[in-house]
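Q: Place chain A on chain Z using the hints.
One-letter residues, chain by chain:
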Amino acid sequence: MSEGTLYDKVWDRHKVTELPNGQDQLFVGLHLVHEVTSPQAFGMLRERDLDVAHPDRTFATTDHIAPTEAEKRERPLADDQAEEMLSALERNVGESGITFFGFESGEQGITHVVAPELGLSQPGMTVACGDSHTATHGAFGSIGVGIGTSQIRDVLATGCIAADKQKVRRVNVEGELGEGVYAKDVILKVIQDLGVDGGVGHVYEYGGPAIEALDMEGRLAVCNMSIEGGARAGYINPDETTYEYLRGREYVPEGEAFEERKAYWESISSDTDAEYDDVVTVDADGLDPLVTWGINPGQVIEISEPVPHPDDFEARTDREAAEQALDHMEIEAGQSMLGYDVDVAFLGTCTNGRLSDFEEAAKILEGNTVDADVRALAVPGSETVRQQCEERGIDETFINAGFQWRRAGCSMCLAMNDDALEGDEVCASSSNRNFIGRQGSKDGRTVLMSPAMVAAAAVEGQVADAREYLDDGSTGGAGGVEEVAD
Amino acid sequence: MSANDADDQHITDVSGTGVPIPGDDVDTDQILPAKFMKEVTFDNMADYLFYDARRNDDGEFNDHPLNRFEGASIAVVNSNFGCGSSREHAPQAMMRWGIDGVVGESYAEIFRDNCKSLGIPAVTTDHETVVEVQEWIEANPDGDVEIDVEGETVTYGDTVIDVDVDDAMREALVEGIWDTTALMYSNRSKVDDTVADLPYVEGDD
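Chains Z and A are the protein sequences, given in the same order.
With full-length UniProt numbering, letter number 114 in the first sequence gets 114, and the count goes up by one each step, no holes.
With full-length UniProt numbering, letter number 65 in the second sequence gets 65, and the count goes up by one each step, no holes.
Hint data in this document are derived by calculation from the structure and do not stem from the laboratory.
Don't take each hint at face value.
Straight-line Cα separation of at most 27 Å, BS3-like style, residue types lysine-lysine; simulated pairs [what the hints assert, rightly or not]:
(1) Z:K167 with A:K190
(2) Z:K9 with A:K190
(3) Z:K72 with A:K35
(4) Z:K9 with Z:K167
(5) Z:K72 with Z:K442
(6) A:K190 with Z:K15
(7) Z:K9 with Z:K262
(8) A:K190 with Z:K165
(9) Z:K165 with Z:K15
(10) Z:K262 with Z:K15
(11) Z:K189 with Z:K15
(12) A:K35 with Z:K442
(13) A:K38 with Z:K72
(14) Z:K9 with Z:K165
(15) A:K38 with Z:K442
(16) Z:K165 with Z:K72
One side of the interface only, derived from the structure: several residues of chain A facing chain Z at Cβ under 10 Å [said to hold, decoys possible]:
(17) E39
(18) A46
(19) F61
(20) I110
All C-beta atoms in this analysis are idealised placements derived from N, C-alpha and C, irrespective of residue type, glycine included.
If we strip away everything but chain Z, and leave its shape as in the complex, we get (with noise of 0.2 Å):
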């Protein structure tokens, strides 16, 4: 049993009774609404004839079907399913006194992104939303847990969810990151060592030199990505980096307000004698760029590594993912993934979907053209980081390069919108699923990449390496690619 992490200390702040089953009913300090996963919920509140207890501590913005054209954010919206989400959604909150971020709001954005940058997700709270990827707001030392449709039915209803506590492993990430390689590639790699499913019944309790060196960005990105290594919730203890990014955002307390508040935020954080269930280390020193070559997100090799042989894996189950990766990636053992041909370049979402991803990949793309097979779009996460690029005019530089620059939404990482794959499609893409299936398209294959990467890629019309854009030039680019210093 671990003892004194900041899991424990947040749970036990939190934790309101044990329930009668054994499970222990804890309270829920920031919950997240969406337009996919509530309206069923909040059907079953009326239902039952009951109020939402704290909307207050409720939050909702619109994400997943919102159309990122602006031409098509008109309403109603041309999707009639759309419009009927959208609309049970803007009815649900209204009448229950929900703070809504609509597209007229100007804050409008991906859940994971909105809430970070308004403030709203702090260090030492729990954290719930309808959505696998909540555990983001770990990135500030809060336990932030996605759940189903039936426990944000509890959640509107009670402010609590019934939980299992769970096992804390802590993930030291040891080493420095080289030029051109970022949060992403870390918690691709985290997922490769420890597995898909090596999470499950686990918290990852994130820490080490590579982790702490993260901007808050970058630890959200780490974070996020915690679901698809099985576990439940993923955080990072609170520091001065954390701190400072919260100061001044809107919904955090300012003067004296804000220092006792951190007061109890420097109070949640793992003591240093803290005892944990397992722990764990992840060698990211000297570690080049990331990019799956299969279709979960543990199958992934660094750029300058070949793709593995089925016959590589010890675990039968291993060896049989590998197996149907290969055959639907159409690619062969072996074979290395740089030059794999690229028809849709993606940026965006609640992985990479924030200002500094946009400014990486800006890097790349400066004075550089997309490939004229290429269909590239930039999907800002939230209307504020659209804002904050636009200001910095990097939009132009997207833009000039042969990018769709488009509105806030969850786009194309599952095309629930009118962004998708078509047919056998392979996408570069900065999402977090490479799941078949998941962009929109059966046939449609996903490799998994950094937002720099899939400038890159974009510009390639193939997988490619950016720090072949990023460096002195010295190295040449591949295929005669024009080299921006930097």
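A: Here is chain A on its own, set in the frame of chain Z:
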């Protein structure tokens, strides 16, 4: 399903014919593709269960197990079933298709939680046993598979095997206390006490 009558539902055992759904890491995007989530109720979800996997390129049903074992009540799955998205649409679709219980090697946690919320027992056993049950169902499509939640066994044909049921799930289903909204709603005053001690709830709202 009316959520109101859940209080009286003790789920001690479920049975019916089986359907093997083989494969590890079967994710919720496969179980219920996202494009079918654009509905404000779960009413039609059964129609979309494994929608892509069940069809050929021409849209006709293929030989997917769900097409071959129509009317089955017990799904038998492999490891890390239901991984990925938290969408309750996935177990809702299974339930509405007719699935009352699941036997598998392991489940993603949100999926298992969702099953518990819906009163669907999701029990576990080892790989070899799961494969045996899957093969038995293939050979005996009309044979009954019974999950005894309370006794933690699965019976098929003349064979009885021990299975594991998560403590909280067993307690919730057997005692009929899987309606967590009702359970937690009765603790409102305790919630107020917990909230009063949280420094972040007061002040900035």
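Q: Run every hint past the structure and note whether it holds.
A: Hint by hint, here is what the structure shows:
no.	hint	result
1	Z:K167 with A:K190	holds, 26 Å
2	Z:K9 with A:K190	holds, 18 Å
3	Z:K72 with A:K35	holds, 18 Å
4	Z:K9 with Z:K167	holds, 13 Å
5	Z:K72 with Z:K442	holds, 25 Å
6	A:K190 with Z:K15	holds, 10 Å
7	Z:K9 with Z:K262	holds, 15 Å
8	A:K190 with Z:K165	holds, 19 Å
9	Z:K165 with Z:K15	holds, 10 Å
10	Z:K262 with Z:K15	holds, 21 Å
11	Z:K189 with Z:K15	violated, 34 Å
12	A:K35 with Z:K442	holds, 11 Å
13	A:K38 with Z:K72	holds, 17 Å
14	Z:K9 with Z:K165	holds, 12 Å
15	A:K38 with Z:K442	holds, 18 Å
16	Z:K165 with Z:K72	violated, 44 Å
17	E39	holds, 7 Å
18	A46	violated, 15 Å
19	F61	violated, 15 Å
20	I110	holds, 6 Å
Violated hints, listed in ascending order, are 11, 16, 18, 19; each of the other numbered hints is respected by the structure.
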